[in-house]
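Produce the entire structure from the sequences given, and follow the hints as far as they go.
Chains A and B, in that order, give the protein sequences. Read in my numbering, the first sequence has 977 at position 298, and its numbers run on one by one without any break. Read in my numbering, the second sequence has 812 at position 133, and its numbers run on one by one without any break.
If a hint is listed, it holds; no wrong ones were tucked in.
One copy or any two copies: either way a pair holds, since identical chains are not told apart in the list.
Lysine to aspartate or glutamate pairs mimicking DMTMM-like chemistry, simulated, CA-CA at most 20 Å apart:
1) K1087 / E939
2) K1004 / E993
3) K862 / D829
4) K1087 / D744
The set of hints was computed from the structure by calculation and includes no laboratory data.
There are 2 protein chains.
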Amino acid sequence: MTDADIAALDAADPLADRRALFDLPDGVIYLDGNSLGALPRSVAARLRGVVSDQWGEQLIRGWNDSAWIDLPARVGDRIAPLIGAPPGSTVACDSTSLNMMKALTAALALRPERGVILSDSGNFPTDLYVAQGVAAMLDRGHDLRVVLPDEVSGAIDESIAVLMLTEVDYRTGGRHDMPALTKRAHAAGALSIWDLAHSAGAFPVDVTGGRADFAVGCGYKYLNGGPGAPAFIYVRPDRVNAIAPAHAGWMGHAAPFAFEQDYRPVDGALRMTVGTPPVLGLAALDAALDAWDGVDLRAVAAKAAALGDLFIAEVEARCDAFGLKLASPRDAHARGSQVSFHCPEGYAVMRALIAEGVIGDFREPDIIRFGFAPLYIRYADVADAARILERALRNELWRKPEYAVRAKVT
Amino acid sequence: MTDADIAALDAADPLADRRALFDLPDGVIYLDGNSLGALPRSVAARLRGVVSDQWGEQLIRGWNDSAWIDLPARVGDRIAPLIGAPPGSTVACDSTSLNMMKALTAALALRPERGVILSDSGNFPTDLYVAQGVAAMLDRGHDLRVVLPDEVSGAIDESIAVLMLTEVDYRTGGRHDMPALTKRAHAAGALSIWDLAHSAGAFPVDVTGGRADFAVGCGYKYLNGGPGAPAFIYVRPDRVNAIAPAHAGWMGHAAPFAFEQDYRPVDGALRMTVGTPPVLGLAALDAALDAWDGVDLRAVAAKAAALGDLFIAEVEARCDAFGLKLASPRDAHARGSQVSFHCPEGYAVMRALIAEGVIGDFREPDIIRFGFAPLYIRYADVADAARILERALRNELWRKPEYAVRAKVT
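This is the structure we're talking about:
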């Protein structure tokens, strides 16, 4: 594509106005919004207000006067449309891992006669760790069965209690067919839990139409809530009141301030909340969600697909000589909003690329990964990133010894 | 006491300089720091830096460049001296309720042959809910035995798996003898979990000398980390590596960024962490902990005792005619840094008092509760509060109908 072609794509982008809502550093092409979303401009002012005007002035009264107590439900209700969930079905709380643990303990309790948790090797490891921890804790012989991503469908049978998958593979970007797999799970009498960490905000998710029983997801990737932002959990409304939460805490109680001695869960998704809500994190996430107001998720999906297609085309045209191999599905409908390549010396290559101003990330064993947050990434960014990647490879910029040294967080 | 006596107490207060570290609203006497600590001046600037300079500029690189990844251990190590814990034994993460759940599942797994969780009716209800949720989830017939506070010692026998107590009663302020009860629990072969929500920052806690097996506590009370701040968990160093965490997540893994499929917990207290750390909340708590630098905890305990004694004396001298009855131990050594009274129409009285500028809180069924955060409460505040309470009772200011209407959060 010529520069003029690229400029025309950006000029015609219906989401182009969103970029101004983000505070992006100069000289950086940020293709890691699938790991940590960029800073929305609304966040700093919101946090200042929460700290100085609310906490500082209202003190304890902020729980009522600034409705801090309602943040888990309120922020959940703002995430709900992004995942096709109805109001009252989604709450923002805790971490994705802990929400997965809540969903899994609840699902296993609803299928007491079954012993298998089915997942795949493309799942983010923390979900697998959660399942291992739960299985060991329950000590009832639950078996975590991990198959290859394309073997999942065939592995669903009547031994399965719970199908637990991340919709979009964190390494390859490969995307499962949530409705089809859930349907198959239900036909076999199993429940489904979907981790939407790399889905929510990347394309329209439809937990309602897809009949997902539980979904969890992340506040700090495409939702831009900041590092370690509160996560979310969705429970199908016709199932939630059948759940006796294993994670029982006062915020999930029907009358938290009656200080009753016995746990009595409130109706609805709020019963999945446990401890005191993290107000600073929830307020930042709430402010970040402003960037989604009025956004057509079909436009998001279309742009995600087009950005990825463009990146694949540009990288393959430019970097063919350097041993890169596409690790993501070539078909945009089969992937999330990210593109990954197998790359020899991938860790050092990514370090060099970051030094050149293109931020992606590396995933073991040899994956260089690029995410395209459709709200703030331009077509020009993607084309420039491919050019800079070519230059880094051609000039072997990755050979600096310091780039071989692993950082604590990769 | 005369005004001059009170002024002399404040003039001689070795902690008097701490108050300037807090941003307290004008016209308010804040006696609810045991529910939500006041705003330390250091927090706003720290959050600005984390948001704008770190998240905004460094983006994903903040995990390494600003050492976000180390915050749970780093903040834990700053809390450790407040509870008598060695470095590496305490981490800041999640909520108190969830940390209690981690401690309880770990403790029960260490005592598989025993079936009783012993607690008391003075425990904060969420801890009891956690125990009920865990017992129901495990479904192995665990019995949560809740006795009166003064019956705890006598109820410890060889059926007890875990003694789970909050050191300071949230209503009365009555304080358990942690070393003595833990010793008794150990003699009976039981483990102990201490909830230090109303202890940490109120007086010197000694989990090491007291031989506590686990402790959890709250970041937003005396530690002033802000509404819903991350909590903490301590595990006795000689026990921690024997724990196979039921709450297994990538942050507790020995090599989180190797993305191994099998959970392999890291050595030490970090294995009690689960999901991605909440950076905004941890940074605020970290900044708040600056107020504790160089503080002599014996001076904190002495001031807490003196403030409480003064308040009891002033209230009893002034309010004897209005049916108030001390709900807290009269002996300062037997209570935390709070004083409570049974009070007819207590809810409305507290609402009226708040309208008059004295912020305490109400706890069911009839308790008006006043906390004295020794870092920022003056003797003059306590004397003034008693005077204002007297005036509110004498003038029956609580009779306004709107004060009878319960707020969502009490």
